[in-house]
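Could you build all of it, start to finish, from the sequences and the hints given here?
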Amino acid sequence: MDAILSVRNLNAWYGEKQVLYDINLDIPRYHITAIIGPSGCGKTTFLRCLNRLHELGQGNKVKGEVYFNGKNFKGNIYDPKVDATEIRRYMGMVFQKPNPFPMLSVYDNVAIGLKINGIKDKKKINEIVMNSLKKAYLLDEVKDSLHKSGASLSGGQQQRLCIARAIAYNPEVLLMDEPTSALDPIATSKIEQLLVELKKEFTIVIVTHNMQQAARIADYTAFMYLGKLIEFAPTEELFETPKNELTERYITGKFG
Amino acid sequence: MRIPSLRRFYDLIFVSICVIAFILAMIPLAWILIEIIINGISAFSIQLLTNLPRPAGVPGGGIANYIQGTIILVAIASLIGFPFGLFIGVFLSEFKEHKLVPIVRFFVDVFAEFPSIVIGIFVYVILVRGEIFELFGVQSICIGAICLGPMGFSALAGSISLALLMIPIVSKSVEESLNLVPVSIKEAALALGMSRWRTVFSISISYARTGILLAYILALSRIAGEAAPLLLTVLGSYYWFSGLFDRIGALPLAIFTYGISPFEDLRAQAWVASLLLILAILFLNIGLKILIRRRFAW
Chain A
470 MDAILSVRNL NAWYGEKQVL YDINLDIPRY HITAIIGPSG CGKTTFLRCL NRLHELGQGN
530 KVKGEVYFNG KNFKGNIYDP KVDATEIRRY MGMVFQKPNP FPMLSVYDNV AIGLKINGIK
590 DKKKINEIVM NSLKKAYLLD EVKDSLHKSG ASLSGGQQQR LCIARAIAYN PEVLLMDEPT
650 SALDPIATSK IEQLLVELKK EFTIVIVTHN MQQAARIADY TAFMYLGKLI EFAPTEELFE
710 TPKNELTERY ITGKFG
Chain B
1379 MRIPSLRRFY DLIFVSICVI AFILAMIPLA WILIEIIING ISAFSIQLLT NLPRPAGVPG
1439 GGIANYIQGT IILVAIASLI GFPFGLFIGV FLSEFKEHKL VPIVRFFVDV FAEFPSIVIG
1499 IFVYVILVRG EIFELFGVQS ICIGAICLGP MGFSALAGSI SLALLMIPIV SKSVEESLNL
1559 VPVSIKEAAL ALGMSRWRTV FSISISYART GILLAYILAL SRIAGEAAPL LLTVLGSYYW
1619 FSGLFDRIGA LPLAIFTYGI SPFEDLRAQA WVASLLLILA ILFLNIGLKI LIRRRFAW
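Residue numbers (our numbering), protein chains in the order written: chain A, 470 to 725; chain B, 1379 to 1676.
Keep in mind that the hints were calculated from the coordinates and are not lab data. Keep in mind that the hints are not guaranteed to be accurate.
One side of the interface only, derived from the structure: several residues of chain B facing chain A at Cβ under 8 Å [unchecked claim]: (1) Ser1573; (2) Ser1584; (3) Leu1591.
Quantities reported herein were computed from a predicted structural model and do not represent experimental measurements. Heads up, the beta-carbon is just placed ideally off N, CA and C, and yes, glycines get one too.
Shown next as structure tokens:
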């Protein structure tokens, strides 16, 4: 398996409280990997460790290694010599609640990531912004309101705007934290279709509450419980022939 | 369901107390306003806005230099005070885990409650009389051709004392505005690979810009009407602004000196000065607020 991210012995703390225990996991390139598990099992924390966002919380701590085998970066992202800001530029993140910048226009919400990455050519920015909005299946809906505030869109549109923002600067990995949990079924299905389309170009790691969603779109699924990785397998295998009893009980709805 | 009549009665009593308290509190406020407007308008003339003061009894005197002085003092105070206030506010809000934050917050809180005359006497001693130089055992400090000595009563000393008043007001309101920026917005910026400083200055401040501008207006209207620190630092002047190190006039000083003068015509001018000051503050607080809300809302 060609892994773009190899997580080794990852531990994480919220202040004094340990929330991740010795996670070892390989994330396959150009596939969708879903992370499922009951609330509070550490799924989101795990995701936020992959782009070094977790450590920004006051008192938070991370120990372990995450090897990133990217085009512009190869090595352990937790190496003390590595600049976390740089790492975050190789990864895009989409959050649970849509969070477009309300003081920026729809257009600038997408363009801002390019500006951070040092792209100054206006023509090039314009091209990438339009292309990203198109890829996020949003362009047709917003082409007349590109200069309105990002907050003026509907919830589902806002989330697709956030996806456009996250893919605009061409990251290699997309980290998604329950991106559809705040959306209605139609918006959810639009985003799911979009993700299947996007995995041709990006590696996607998606945290989801919704097992059906994992079953529908993920190539690989990881089941976490109480801060530990219980099982990781191709999605079909995990759902049809789980090896661990906890996994089986969770996916059959006996607890969770 | 029917509300028991006793409860209705209590409700009525409580509401009546609130209304009476409101009316009683409004009487003096309305009175002041009406008094200033009536006296101000009856003494108003265009020459007041264009002419320099003349001695009592000589017709044609104006208060133009005081208007100019207040604008200059407030502008320089903003140039000095606003950046300091902004940076302190950013520090208090965005670097909460820093060891110095509790100390800075303590000083800001104390300073915000400081009587303005104490700030005035401080600037008077340190800068106007120049005791800061005595600390170093010299009369003045020269860097090349520029020599700094005791400032004397001057526009600059006055602006500095107003800036000192402004800093805690601005920094507290900036801190509060920045605290209202949702974490999710900051995280969105950080996840894009923005550095922490850039997130603060291009995302948080831009998100909180309405609050920050309102903080600035609040501080402006507070310092525009201050007389006490100016009495100790600029002393006032009957002439146009002639330099940062010269004395300068200001509307609150005109109100003070003319208001207690024995001459009828000067007292009338004090009313006009009051009216102008109140109009300026009302304009800042109502007009600009509406404008900012419209212009910067999203």
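- Hint check: is the beta carbon of Ser1584/B less than 8 Å from a beta carbon of chain A? 5 Å, holds
- Against chain A, is Leu1591/B within 8 Å by beta-carbon distance? 13 Å, violated
- Item | Closest C-beta approach of Ser1573/B to chain A relative to 8 Å, hint status | With a closest approach of 5 Å, the Ser1573/B hint holds.
Consistency with the previously given hints fails for number 3 only.
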